[in-house]
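J.: Chain order of the listed sequences is A and B. Just so we're aligned: the first sequence equals residues 1 to 792 in my numbering. Just so we're aligned: the second sequence equals residues 1 to 180 in my numbering.
Be aware that one or more of the hints could be misleading.
[What the hints assert, rightly or not] On the chain B side, residues computed to face chain A include the following (Cβ under 8 Å):
{"no.": "1", "residue": "Gly-68"}
{"no.": "2", "residue": "Thr-73"}
{"no.": "3", "residue": "Gly-137"}
[What the hints assert, rightly or not] List of simulated lysine to any residue pairs, SDA-like, C-alpha gap at most 20 Å:
{"no.": "4", "chain 1": "A", "residue 1": "Lys-20", "chain 2": "B", "residue 2": "Thr-4"}
{"no.": "5", "chain 1": "A", "residue 1": "Lys-20", "chain 2": "B", "residue 2": "Asp-8"}
{"no.": "6", "chain 1": "A", "residue 1": "Lys-306", "chain 2": "A", "residue 2": "Ile-134"}
Source of the hints: derived by calculation from the structure; they are not laboratory data. Since this is a predicted model, take the numbers as computed values, not measurements. All residues carry an ideal CB built from backbone N, CA and C; glycine is no exception.
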Amino acid sequence: MTATADSHAGGEVGQARLRKEDARLIAGRTRWTDNMSLPGMMHMAILRSPLAHARINRIDTSEARSMSGVEAVVTGADVADDQGSLPCAWPITEDMKSPNAPSLAVDEVNFAGEAVAVVVARSAAEAHDALEAIEIDYEELPVVLDMSSAMTEGSDLVHPDLGTNASATWVFDSAEAGTGGSADEALAGAEVTVHRTFRQQRLIPAFMEPRSILVDPTGEQTTMWSATQVPHILRLMLAMTTGVDEHKIRVIAPDVGGGFGGKLQVTPEEVITFLVARKLGKPVKYTESRSESFTSAHHGRDQIQKLSLAANRDGTVTGLKVELLADMGAYLRLVTPGVPILGAFMFNAIYKIPAYHFSCTNVFTNKVPTDAYRGAGRPEATFAIERMMDELAAELGMDPLEVRERNWIKHDEFPYTTVSTLTYDSGNYEAATARARELFGYDALRAEQAERRRRGDTVQLGIGVSTFTEMCGLAPSRVLGALSYGAGGWEHGAVRMLPTGKVEVITGSSPHGQGHETAWSQIVADRLGVGFDDVEVLHGDTQSSHKGLDTYGSRSLTVGAMAVVQAADKVIAKARKIAAHMLECAEDDVEFSGGRFTVRGTDTSTSIQEIALAVFAAHDLPDGVEPSLDSEATFDPENFSFPHGTHLCATEVDTETGRVRLRSYVAVDDVGNVVNPMIVEGQVQGGLAQGIAQALFEEAVYDETGTLTSGTLADYLVPSAADLPSFTTDRTETPSTTNALGVKGVGEAGTIASTPAVVNSVVDAVRHMGVQDIEMPCTPMRVWRAIHGGAR
Amino acid sequence: MRITVTVDGTRYTDDVEPRMLLVQYLREQLGKVGTVVGCDTSNCGACTVHVDGHSVKSCSMLAVQADGSEVTTVEGLSRDGRMHPVQEAFHDNHALQCGFCTPGMIMQSMDLLAEDADPDEQTVREGLEGNLCRCTGYQNIVRAVQDAAHRMRPGAGPDAERVADETAMSEQTRAEVRQS
Ligand code: FES
Ligand code: FES
Chain A
1 MTATADSHAG
11 GEVGQARLRK
21 EDARLIAGRT
31 RWTDNMSLPG
41 MMHMAILRSP
51 LAHARINRID
61 TSEARSMSGV
71 EAVVTGADVA
81 DDQGSLPCAW
91 PITEDMKSPN
101 APSLAVDEVN
111 FAGEAVAVVV
121 ARSAAEAHDA
131 LEAIEIDYEE
141 LPVVLDMSSA
151 MTEGSDLVHP
161 DLGTNASATW
171 VFDSAEAGTG
181 GSADEALAGA
191 EVTVHRTFRQ
201 QRLIPAFMEP
211 RSILVDPTGE
221 QTTMWSATQV
231 PHILRLMLAM
241 TTGVDEHKIR
251 VIAPDVGGGF
261 GGKLQVTPEE
271 VITFLVARKL
281 GKPVKYTESR
291 SESFTSAHHG
301 RDQIQKLSLA
311 ANRDGTVTGL
321 KVELLADMGA
331 YLRLVTPGVP
341 ILGAFMFNAI
351 YKIPAYHFSC
361 TNVFTNKVPT
371 DAYRGAGRPE
381 ATFAIERMMD
391 ELAAELGMDP
401 LEVRERNWIK
411 HDEFPYTTVS
421 TLTYDSGNYE
431 AATARARELF
441 GYDALRAEQA
451 ERRRRGDTVQ
461 LGIGVSTFTE
471 MCGLAPSRVL
481 GALSYGAGGW
491 EHGAVRMLPT
501 GKVEVITGSS
511 PHGQGHETAW
521 SQIVADRLGV
531 GFDDVEVLHG
541 DTQSSHKGLD
551 TYGSRSLTVG
561 AMAVVQAADK
571 VIAKARKIAA
581 HMLECAEDDV
591 EFSGGRFTVR
601 GTDTSTSIQE
611 IALAVFAAHD
621 LPDGVEPSLD
631 SEATFDPENF
641 SFPHGTHLCA
651 TEVDTETGRV
661 RLRSYVAVDD
671 VGNVVNPMIV
681 EGQVQGGLAQ
691 GIAQALFEEA
701 VYDETGTLTS
711 GTLADYLVPS
721 AADLPSFTTD
731 RTETPSTTNA
741 LGVKGVGEAG
751 TIASTPAVVN
761 SVVDAVRHMG
771 VQDIEMPCTP
781 MRVWRAIHGG
791 AR
Chain B
1 MRITVTVDGT
11 RYTDDVEPRM
21 LLVQYLREQL
31 GKVGTVVGCD
41 TSNCGACTVH
51 VDGHSVKSCS
61 MLAVQADGSE
71 VTTVEGLSRD
81 GRMHPVQEAF
91 HDNHALQCGF
101 CTPGMIMQSM
111 DLLAEDADPD
121 EQTVREGLEG
131 NLCRCTGYQN
141 IVRAVQDAAH
151 RMRPGAGPDA
161 ERVADETAMS
171 EQTRAEVRQS
């Protein structure tokens, strides 16, 4: 890992540098999309279907059109020829069924919240007033909500023209793939089997900044500002969806207030605003309300997971079978069908499982489409396998950590190719677990638990374990190709030395809270030997960062920063040539360190800044050298990275009320080398909050008519500060060997690991009362019922 | 309806629609876009400002109700180019990621510190209950508020008296307004 050693040379990497981003944000000097106004700008409001499934017989917009300030009323019929079908980039099978997905409904609506018509007016208030004057004659159709019944013979259909509610079935079998044995045989011959069915409830990403879009069609390029995670993907997809030429579109993601996968989308609202603004020839802005966000922006999770585990009496797992139903909602959005498939590679987790079978059927329902939400497929898989390991331990009367250790890949067995075909490059589960045990006080808490049980305390103590890994750094392009994904997984970066010695870094990653400006500055400062404050990081604008695949899947550092590192190395290589010329020596005699090029063995040197100025003047450059100290690079990772960690959670469960109190939470994560420990810790803490929220609080609930009843922040329980404890976080550092920085990614770790740790803890608290599972979220009612009602 | 409001030290007289919310008035009419809107049910706290020295969710108040009042937003906190100690503490403790909740969190934290100059962790957590953050998990926000409390203790520096008491701060702002 010489590159790793290098990157520490300047001393920036590894420091808890305070963030560059903060100065503006704490002063309210911000550029959220909704902050922006343009001369002549109009406001758009969207009329959404109150019904989950209906035919649109007639829309009467005449009254709305005549109201004060109303510039236009647009229905699906008006844009039917231009809007195309919203893109799905991940056809998981050749015969996958995918319905046409209009941005603005034309003759039918398939979920409550689907956009049906828009009003464009002088003010947002006038636009909203006019929505009420639009009359729509709907003819109600039968509503399909439950995945299991949607799959039964004779079920009503979401899309009758498809002839089924099943979109696709994707299967992996280790016996067929040649990576292991037959799971069915393992189960048939097992000393012990454990069977469980888990429900991954539907979740809402709930980024704090509602989505907002501003489109300016008055220039040669139509410019869109959008609160998106994916400006580059959005530009490409706008072109492909609407037929407008790609080079006539510019997309800007200015300040973006969180995403968590929820803004990894090409949305109906973006396409509609784009089309309407171009039609009117005027800037148009649309900002959703929180209620609209909940009923129309994509949701996450929503799977039914049936697992069967085979093991020997000594705790050795011999086989695993996983059968999933995954709720697509009404349409396939950008990566909807692929989310559960990402999970397929993670059910075997950190364990040496010799036989594995996975199948997943994707099902349509009349609900908001699902898509990526923090972790996307991997939290679901991790939850299920970590719950199963606890269940196996209980079945065998073993300690859950002992069962895990019996099965996990030992630190000297890396690189290790798993039963689901991935090659884990590095890891040290023993070290992370030992550290977590110690910080948690595992043995003392077990003793307290035993004591409380003996006493018959009304408040019981539970200890939950989660030893997780995840695949990050999405993704090697060839792997994505093999999985039928519609694009690659590379990232682009560029480094420009300015004449004054300052540096502009351009990244195709598109941050929305992750702190790229700080972390990339640290990396480049070390690499080039320049000051942290001399580096400016540009991103999120297809004009300045013309190429990119954006931010999701914990890919920014592992893929995006690697592109920047490679670009910086190219700048150094160019500068070295010029330095040799200036210092009148052979190139091989020039050493570069700390921003200075020195003739080996002498004190004759020049700085990279001096070279930058000389390049600008271009008066005396070596033959064949361009007057430029800019370089770019596109990095395609060879492999994923595999962060891992051990999380331990203690909960106190009041057996009389079902109330769960989080008593302590220890997270020891191994994310490889760390660029900025402060940012890493922040990512873990925020991730934990979201994973814990799935375990205890959040659920998107639909009533039997298909109306979202958890449609506001009053009903959808995003935890507040008062709902959460302080976490104890620590790290072990096992560098990744698949990238020169030795980094693995941290954006999703906390979310993936914490949900099973918490639920295992709650179940553990009351297992002696006959409880084997509690459905998420583990609300007091569900916990009480599990204890007292027998039913889950 | 005609209202007169002082916002971050500047006096404004405007005709507003009776249904206009204070937050809309701040953002759309005054261009005070540092204050943001995160919900439509008064649950998120992103829009929190101070009205006459007390924190208010500006989406739950009409602009006309602020007539005659003095409003402070996150944009009006720095003095002589220096950030308020609560702002500094948010920066120093990495209490923000995307920063969308931050204006509201800072305004609410100041209110809470005015009530309790040395709050324990639970008091801070409960005091911020009405402000949601999706990014940070709150741990560093709680730390920042407690850190700010220490910075603002009497004797902790020239910033201390500015916010040790909300009324005092509000008086000071008034004095500044009168001078200008
Ligand atoms: S905007 Fe959410 S409370 Fe005011
Ligand atoms: S920092 Fe993003 S919501 Fe709080």
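J.: If a hint holds in the structure, say so; if it does not, say that too.
T.: Hints and how they fare:
1. Look at B/Gly-68: its Cβ only gets to about 24 Å from chain A, farther than 8 Å, so that hint breaks.
2. Proximity of B/Thr-73 to chain A holds as hinted, the smallest CB-CB distance being about 7 Å (cut-off 8 Å).
3. A cut of 8 Å between beta carbons decides the hint on B/Gly-137: the least distance to chain A is about 4 Å, and the hint holds.
4. Straight-line distance between C-alpha atoms of A/Lys-20 and B/Thr-4 comes to about 37 Å, which puts the hinted pair past the 20 Å bound.
5. Note on A/Lys-20 and B/Asp-8: the hinted pairing is violated, with a Cα-Cα distance of about 25 Å set against a maximum of 20 Å.
6. This hinted pair does not check out: A/Lys-306 and A/Ile-134 have alpha carbons roughly 46 Å apart, beyond 20 Å.
Hints 1, 4, 5 and 6, counting from the list given before, are not met by this structure.
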